[in-house]
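Residue numbering for the sequence shown follows the UniProt record's numbering, beginning at 1 and increasing consecutively.
Some clues are possibly wrong.
To be verified - Just the calculated beta-carbon pair ranges, DEER-fashion: (1) THR7 - THR35: 33 to 43 Å; (2) ALA68 - ALA4: 31 to 41 Å; (3) HIS36 - GLU64: 29 to 39 Å; (4) THR35 - PRO6: 20 to 30 Å; (5) GLN39 - TRP13: 17 to 27 Å; (6) THR3 - GLN65: 32 to 42 Å; (7) ASP53 - PRO6: 17 to 27 Å.
These aren't lab readings, by the way, just hints derived from the structure by calculation. Bear in mind the structure is a predicted one, so any value in this text is a computation, not a measurement. We put the CB at the ideal spot given by N, CA and C, even for glycine.
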Amino acid sequence: MTTALPTVTVRLWRADAVVLFDWLMSTDLDSVPVTHPAQKQALADLLSRLESDTDTDLRGSTAEQIAAAQEEVARDMGW
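Can you make the complete structure from the sequences, with help from the hints?
Structure representation (structure tokens):
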């Protein structure tokens with residue numbers, strides 16, 4: 001018998017999810033500075049969850065949708 005690992009639910013603004021997914025898909029995780037290997041694994045896990053989420057279908061984002069999401073997120077930066 002396997003025991004389920006504890007999970008949390010994170011709600012993201014769709015534009016944030018699109019930007020994160022696009023960045024994670026285009027980033028070499030081996031080049032991301034980390035202080036512990038678990039940080040890189042957590043990013044890979046996040047990418048996996050975003051990639052497999054059929055409700056959001058981020059894999060089908062077009063270049064135009066990604067650019068629009070980047071603009072939306074950047075507009076709310078406040079810095």
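Each hint tested on the structure:
1. At roughly 24 Å, the beta-carbon separation of THR7 and THR35 lies outside the given 33 to 43 Å, and the hint is violated.
2. The hinted window of 31 to 41 Å between ALA68 and ALA4 holds, with their beta carbons roughly 37 Å apart.
3. Against the hinted window of 29 to 39 Å, the Cβ-Cβ separation of HIS36 and GLU64 comes to about 37 Å, which satisfies the hint.
4. One distance hint, 20 to 30 Å for the beta-carbon pair THR35 and PRO6, holds here, with the actual separation near 23 Å.
5. Between GLN39 and TRP13 the C-beta distance comes to about 23 Å, which sits within the given range of 17 to 27 Å.
6. Distance hint check for THR3 and GLN65: the Cβ-Cβ separation is about 39 Å, which falls inside the suggested range of 32 to 42 Å.
7. Separation of ASP53 from PRO6 is about 19 Å and conforms to the stated range, judged on CB atoms against 17 to 27 Å.
The structure fails hint 1 only (numbered hints given earlier).
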